[in-house]
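Chains A and B, in that order, are what the protein sequence lines are. For any residue, its number in our numbering is found by taking its place in the first sequence, counting from 1, and adding 17. For any residue, its number in our numbering is found by taking its place in the second sequence, counting from 1, and adding 14.
For the record, the hints were derived by calculation from the structure and aren't laboratory data. Heads up, a few of these hints could be off.
Unchecked claim - Pairs of lysine-lysine, DSBU-like flavour, derived with a Cα cap of 35 angstroms:
1) A:K356 - A:K123
2) A:K178 - B:K175
3) A:K182 - B:K175
4) A:K211 - A:K356
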Amino acid sequence: MISRRALLPVLFATVLLPFGCKSEPSTGADGKPGGAVTLNGAGATFPYPLYSKWMSEYNRQHPDIRINYQSIGSGGGIRQITAGTVDFGASDAPMTPDEEKAAPSKLAHIPATLGAVVVTYNLEGQSAPLKLTPEALSGIFLGVITKWSDPKLADANPGAKLPDKDIAVVYRSDGSGTTAVFTDYLATVSPEFKDKVGAGKSVKWPKGLGAKGNEGVTGQVKTTPNTIGYVELAYATQNKLPTAAIKNKSGRFVEPSIDAITAAAAGVTMPDSLTVSLANPEGEAAYPIASFSYLLVHEDTKDAAKGRALARFIWWAVHDGQKLGKDLHYAPLPEPVVKKVEERLKALSSGGQKLLAGT
Amino acid sequence: MSSLTKPSLVRHRPRWLARLGPEVNLGDFSFRGATAFFALIVVFVVVAMAIEMWGTSAASIERFGWSFVTGRDWDPVREQFGALPFIYGTLVSSSLALVIAVPISLGVAIFLGELAPPWVRGPIGFLVELLAAVPSVIYGLWGIFALAPFLRNVVEPWLGKWLGFLPLFQGPHQGFGMLAGGVILSIMIIPTISSVSREVLRAVPSIYREGALALGATRWEAVRHAVLPVARSGLVGAVILGLGRALGETMAITMLIGNRADISASLFAPGYTMASVIANEFTEATGEVYLAALAEIGLLLFVVTLLLNVVARLLVWRVGRLPEGARS
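Same shape as in the complex, but just chain B:
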């Protein structure tokens, strides 16, 4: 008939097709199918990566089992592999990075979002974003030639002198080590945390701020009591995103952390992270167990990063959907 010139599924729609979806138009149906296909490709890639890594690490999982996660010995010559020093190194360097970066990033986000005059907001915001654009290797080079000597000659002696009674600040001052790694990571994650935090703070309805200010609160009180509690889960999400970036960072940290698979209480001591050991040793690794051990470290890192990112996304999403007048 004349009105139905486009192909339609209405008249000839078999029941199985009706079950697939509500579209009555072939165009819409194909559109949904195509976009669903693309989405599935992404899921497929992630799943395929996980399966592939599991397969490659099979020899190591078989040989070491759970003792891989608790073992402290990484000896390629004797084929003894334990991942604990790397897990420790990754967690400590990332935690240190968070300890340094979170106050700074939140400060930047609050300043730029709530307190800064408009003519300051643009340039500073831009500069902070620019930090994220600097390649990792450049951070590493700057770290070797500028940061490490500075730490060795100025910061570590000072910390050793005043806080040397803590085991955290004992040991020789080498510049390269956990402290250098933590500092460089913190610089690298500040742009991530601050930009997501800015968005989260912006998503808080202004009625909260206005209400607090109307009741006589100072700017700080308004931010602290009215805005931050509402944005809390989103801010935590931002921090976790920064943590995710810190966990996966490879080049800059391998150039500064000393690459020594030891567990030490001191921040001045060298360490080793999961990403660094894979980057360092994978190209030359020969031998089934050696390769499998490195792949298993990759699998551990992959799982941890994936979990953290999922949690972070959920938290950030939750703030974005906050309805008017509701409390978290």
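Isolated chain A, as found in the complex:
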């Protein structure tokens, strides 16, 4: 029998063994030849499935570059990049002027993908998607239109038998990019909504119940009859929720789809700041409630190796990576936007030196 006293130093040594082994360097290469680079990012939850796929695929192609992403929310992403704890951030809504002022150095917004907010509902006996005009939609969420049988709704849906019941409204109780995009649209099409409620990640809704997350809204809409709510397109598609067709600026009722979102993005001229609202854009086939989701990167980064790896990753993401998005229900960026992103990526620098020189 081994005495307990003799066993103790053996256990001790076993515990300490891993610390003695030299592990291969995994962080911060400082430009050492063949060194591995780890990038850390944080931010929006909406594009997380896509970013996660991008990062694992990119790591498969470039094993020396590892990228970690934490989906803590757009607000968290902005906070982390401002505090300098991550190498890049991600946000559904562009930073406000106050947030940009608080950042230690200038941050560039790079549109990475496109998403949309769909309106879902629970109505008995609807075979075709409900058609909603901007006036009807804003009226419902303002609490002005209270019954499904209201003429504003019935006029746009001549064939449907809408019940004479109260409309139960569901909104997102947690602050989210989805709410930001939806309220941005409502504020754009309805001056009354803009005045009374305004746009933002968290707003004071005049009417309705709040549910937490896309899952909460879905759960509530699914279990309560005569309810209307809003969720991300990817979510609605995967859960086979009924989605409404919204009347766009050209007067057509457009159902949400990947192509309709890309059409919306194509209908807008991208300014040099690379941030633009896609609410109610021009375009026959455009879906009116879409938005870009942005990556936030330093324009002039301190760590050249990390900056270069990040710039190369984003280059890959906006070109090859876009194909991976279709299966996950994310719309690809239109060509003109990709061109502008290329110019911006080429302008990123570290200590004055351009990062992508020679790519």
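Dock chain B against chain A, hints included.
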């Protein structure tokens, strides 16, 4: 010398050391020092939390002052923040939970402690404890898919029909709302209150019961007149502990209460609690005042919960120390 082989402070004990404590042995002295250090760490953590939260909420305290506690408007877009709807929601949902849970928990505790045959005591006691082990999110999910439809289709129409003249039971039947929140909270605090109550009742010396029974009291009379009055302060302590748990509960209640910052007299209407609003809005909150307002709500909740727990512990402790033959 030979007898004093362990280091001792007796011979070389300076006066300042003598003042620190009665130990004469270095080992005992270090033992006391180490355990005191650990105890102080806990105190330090609580104090540090309070200071940190006070600091984070500074911008909001400065901007709103006391009107934060009385304001009813929660508008992140216009940066107007008032905590009254959340305080109201927290208090109402917790009170409703107590109204439902206290009779049930006391009943469980008395049944298991005084009246149940031994072969029943084990399984039922175990099942009640099991309720405490179910994660909060599971309660929330069950609430969304089972409780809310049940309330909407069965309970609320019934209450509206028979008791609709009371403002408490007026309004549309949505399932989600204060009533759903209160019910789910009551289920969650039953194990807490009943297990502490059982301990409190067990701590009552059996001489009280035996005396009452010997004088000819029925079982109910013995419990009611001999046991409960003695255990009263402990039972109140148990209830306050349950209340403390109800106040801090976040996930289950945010999934059921409707998350609407309104003050309404009806139990069918949606509400919002302090813990829920922080859980919902903190990750996406940007802007100094917004974050500070949420932190201030956290501070209010922290202070209230701390006070209640201190009061509860004192009451429960008091019963535990009851000497033989003494009355409370």
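Just pull the numbers of the violated hints for me, sorted ascending. none
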